[in-house]
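Sequences listed follow chains A and B, in order. Following the working numbering, the numbering of the first sequence begins with 5 at its first residue and continues without gaps. Following the working numbering, the numbering of the second sequence begins with -19 at its first residue and continues without gaps.
Each hint should be verified, as a subset may be incorrect.
[As the list claims (entries may be wrong)] Reference listing, derived: stretches of chain A covered by chain B, where coverage requires no fewer than 3 residues with Cβ under 8 Å from a Cβ of chain B:
#, region
1, 27 to 40
2, 148 to 154
3, 174 to 183
[To be verified] Straight line, CA to CA, 20 Å or less: simulated SDA-like cross-link-like pairs of lysine to any residue:
#, chain 1, residue 1, chain 2, residue 2
4, A, LYS34, B, LEU110
5, A, LYS34, B, GLN54
6, B, LYS(-18), A, GLU64
7, B, LYS38, A, LYS58
8, B, LYS(-15), A, GLY105
9, A, LYS58, B, LYS(-15)
10, B, LYS(-15), B, ILE45
11, A, LYS107, A, SER121
12, B, LYS43, A, GLY32
13, A, LYS34, B, LEU(-8)
Because the hints were derived from the structure by calculation, they are not lab data. Glycine included, each C-beta is placed from N, C-alpha and C at the ideal position.
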Amino acid sequence: MDFIKQPWSWYVAGPLIGLIVPALLLLGNKAFGISSSLRHICAACLPAGIPFFKYDWKKESWNLFFVAGIMLGGFVAVHYLSNAQPVVINPATTALLQKQGVKDFSDLLPLDIFSFSQLLTLRGFIFIVVGGFLVGFGTRYAGGCTSGHAIMGISSLQWPSLVATCCFMAGGFIMAWFILPHLLAL
Amino acid sequence: MKNLKFLALGLLFGIVLIKSEVVSWFRIQEMFRLQAFHMYGIIGSAIVVAMVSIMLIKRFNIKTISGEPVIIPQKTFNWGNVYGGLIFGFGWAITGACPGPLFAQVGGGFAVVLVTLLSAIAGTWVYGLLRDKLPH
């Protein structure tokens, strides 16, 4: 069990994720993508007469089962398949983040930022609420996320997905290099 | 129940996301600061494996389990790919999570991420509301 409980290398995880693409295609002609589930949730729970949410979301319910599975997988992996060690990252990243004000490196997320006690601070609100809003708004505006564009789109040779992926990365670089240091200092 | 197989695939995906630390905020910071190959290796090798799989499906005309030809929906370019892509990039670097990892983190017991996920749903809803007014 040791090799399962250790963190998995990129060359194990990447190909496994890649295989989900043909698995979904062959199991039911489904295109790999996660962010659409957020749209289906809107269509199911609060369509509010908005044309973008007027469609038969039940036909796409496989996607909701898929994300429910991801949640379940998160539970199983954290509770049964982990050794509860801190994430080992490049010491240079750790040093930089420490300098920028991150204190807790014990878990998958910095718990000094991502916790309910921080939710009502300006910094916590930006990381927890504003960040999530940008993810949901941006992925739908872009027509997909890392799975739908970067993996499904590029692997099926669709150039709009390559453009979108380059923009994901550009946005991430701009945020991480120029804006995030100020947000962490709040 | 025909959807259970998708639940099972999602379960596998969720486990991989946690075990490879794709769901870690720290891994995402490392990626955007170009201080590790890990995330690039995962996304890159996933693309290569998916690409080869799709080529094989097309080359050998492999059918789905119910015997249908495999259809891959084509994406058409619009400027939302650019504007939305940049906005998602900002959010990705702040939250350290794209939509898949948000679900995995919630399942993994990071209860506060449920707020982030609800906020992402709200973001999607606001996009739907404003869609006609946004440049595409």
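Status of the hints after comparison with the structure:
1. 27 to 40: holds (count 12)
2. 148 to 154: holds (count 6)
3. 174 to 183: holds (count 9)
4. LYS34(A) with LEU110(B): Violated, at about 28 Å.
5. LYS34(A) with GLN54(B): Holds. LYS34(A) to GLN54(B) sits at ~13 Å (cutoff 20 Å).
6. LYS(-18)(B) with GLU64(A): Within the cut-off at roughly 12 Å; holds.
7. LYS38(B) with LYS58(A): Judged against 20 Å, a Cα distance of about 33 Å means the pair is violated.
8. LYS(-15)(B) with GLY105(A): violated, 44 Å
9. LYS58(A) with LYS(-15)(B): violated, 27 Å
10. LYS(-15)(B) with ILE45(B): holds, 12 Å
11. LYS107(A) with SER121(A): holds, 15 Å
12. LYS43(B) with GLY32(A): Cα-Cα ~10 Å, so holds.
13. LYS34(A) with LEU(-8)(B): holds, 16 Å
Hint violations for this structure: numbers 4, 7, 8, 9, all remaining hints satisfied.
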